[in-house]
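Using the sequences plus the hints, can you model the full thing?
Taken in order, these protein sequences are the chains called A and B. My numbering puts the first residue of the first sequence at 1, with every later residue one more than the last. My numbering puts the first residue of the second sequence at 1, with every later residue one more than the last.
These are calculated hints, taken from the structure and not from any lab test. Some clues are possibly wrong.
With a Cα cut of at most 30 Å, we get these calculated DSBU-like pairs of lysine-lysine [claimed, not checked]:
#	chain 1	residue 1	chain 2	residue 2
1	B	K71	B	K9
2	B	K71	A	K42
3	B	K57	B	K9
4	B	K57	A	K68
5	B	K57	A	K1
6	A	K42	B	K57
7	A	K111	B	K71
Far from chain A, by Cβ distances over 10 Å, these chain B residues were calculated [what the hints assert, rightly or not]:
#	residue
8	A2
9	T7
10	V12
11	R44
12	G53
13	D56
14	Y64
15	N65
16	S67
17	K71
18	L78
19	P83
20	Q85
21	L109
22	V111
Every residue, glycine too, gets a C-beta built ideally from N, C-alpha and C.
Here's the letter readout for the chains.
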Amino acid sequence: KQEVTQIPAALSVPEGENLVLNCSFTDSAIYNLQWFRQDPGKGLTSLLLIQSSQREQTSGRLNASLDKSSGRSTLYIAASQPGDSATYLCAVINNAGNMLTFGGGTRLMVKP
Amino acid sequence: NAGVTQTPKFQVLKTGQSMTLQCAQDMNHNSMYWYRQDPGMGLRLIYYSASEGTTDKGEVPNGYNVSRLNKREFSLRLESAAPSQTSVYFCASKIAGGDTQYFGPGTRLTVL
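Here it is, written out as structure tokens:
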């Protein structure tokens, strides 16, 4: 059974810092991996999707990497801003492409 | 486009009561999903429907039933609610062959 773990569970940083969020998964037979953002009381917004054959994806100040063989992904946020405060969730999709398994999330607070 | 909509936004039930959570999408997506989110546990898949007329169990289906009413709508029913079903419920959808799931805003359910 696939298990996804995110470390740390919570993170507080001053504005302007570069930061890294970590995600690990136990079964490397994945179809792809996604990073989501969740604001309090809201649904999830997809940030980045990395196919299993890719090593990284970039969108603006966000860069996600994937090392399938070691079961790890990182989300790098450059020059953090207070508006980045949210919970960040990673999820892996199984090879059948029909099931997302989520990590518990990292709750990020960026202080002005 | 409204995207994925869910009703109601909030609900309080007594143990043993029944209710149906509604989900609709206007993006002509084939696949639809129901998840529950509990504190610190990320999202877990309850049921999904890969296409109109089909439904399959996810990770935590016990105590729930679903109906794919048509291509737009996918409902989740609790026949006899239990306190363990207190959670936030999210509906999601995606296009056939696509990778990204689009999430609704969630329904916060409390069972007393």
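Going down the list of hints, with the structure as the test:
Distance check on the hinted pair: K71 (chain B) and K9 (chain B) sit about 22 Å apart at the alpha-carbon level, within 30 Å; holds. Using a Cα cut-off of 30 Å, the hinted pair K71 (chain B) and K42 (chain A) holds, with the two alpha carbons roughly 24 Å apart. Straight-line distance between C-alpha atoms of K57 (chain B) and K9 (chain B) comes to about 24 Å, which keeps the hinted pair within the 30 Å bound. A threshold of 30 Å between alpha carbons decides the hint, and for K57 (chain B) with K68 (chain A) the separation of about 27 Å falls inside it, so the pair holds.
A threshold of 30 Å between alpha carbons decides the hint, and for K57 (chain B) with K1 (chain A) the separation of about 15 Å falls inside it, so the pair holds. Between K42 (chain A) and K57 (chain B), the direct Cα distance comes to roughly 25 Å. Compliance with the 30 Å bound is thereby established for this hinted pair. Restraint check: the Cα-Cα separation between K111 (chain A) and K71 (chain B) comes to about 44 Å, which exceeds 30 Å; the hinted pair is violated. Remark: the non-interface label on A2 (chain B) is consistent with the geometry, its nearest Cβ contact in chain A lying 12 Å away (cut-off 10 Å).
At roughly 14 Å from the closest C-beta of chain A, the C-beta of T7 (chain B) stays outside 10 Å, upholding its exclusion from the interface. No beta-carbon of chain A comes within 10 Å of the beta-carbon of V12 (chain B); the shortest separation is about 17 Å. The claim that R44 (chain B) lies off the interface is violated: its Cβ sits roughly 7 Å from the closest Cβ of chain A, which falls inside the 10 Å cut-off. Even its closest Cβ contact with chain A, about 16 Å, leaves G53 (chain B) beyond 10 Å, as expected for a residue assigned away from the interface.
A beta-carbon of chain A is positioned within 10 Å of the beta-carbon of D56 (chain B); the least distance is around 8 Å. Even its closest Cβ contact with chain A, about 16 Å, leaves Y64 (chain B) beyond 10 Å, as expected for a residue assigned away from the interface. The Cβ of N65 (chain B) sits about 19 Å from the closest Cβ of chain A, beyond the 10 Å cut-off, so the non-interface label holds. The non-interface label for S67 (chain B) is consistent with chain A: the shortest C-beta to C-beta separation is roughly 19 Å, beyond 10 Å.
For K71 (chain B), the requirement that its beta carbon stay farther than 10 Å from each beta carbon of chain A is met, with the minimum near 17 Å. Non-interface status of L78 (chain B) relative to chain A is upheld: no Cβ of that chain comes within 10 Å, the nearest being about 20 Å off. The Cβ of P83 (chain B) lies farther than 10 Å from every Cβ of chain A, with a closest approach of about 21 Å, so its non-interface assignment holds. No beta-carbon of chain A is positioned within 10 Å of the beta-carbon of Q85 (chain B); the least distance is around 19 Å.
The beta carbon of L109 (chain B) is kept farther than 10 Å from every beta carbon of chain A, the shortest such distance being approximately 14 Å. Annotated as non-interface, V111 (chain B) keeps its C-beta farther than 10 Å from every C-beta of chain A; the closest such distance is 19 Å.
Going through the hint list in order, the structure does not satisfy hints 7, 11 and 13.
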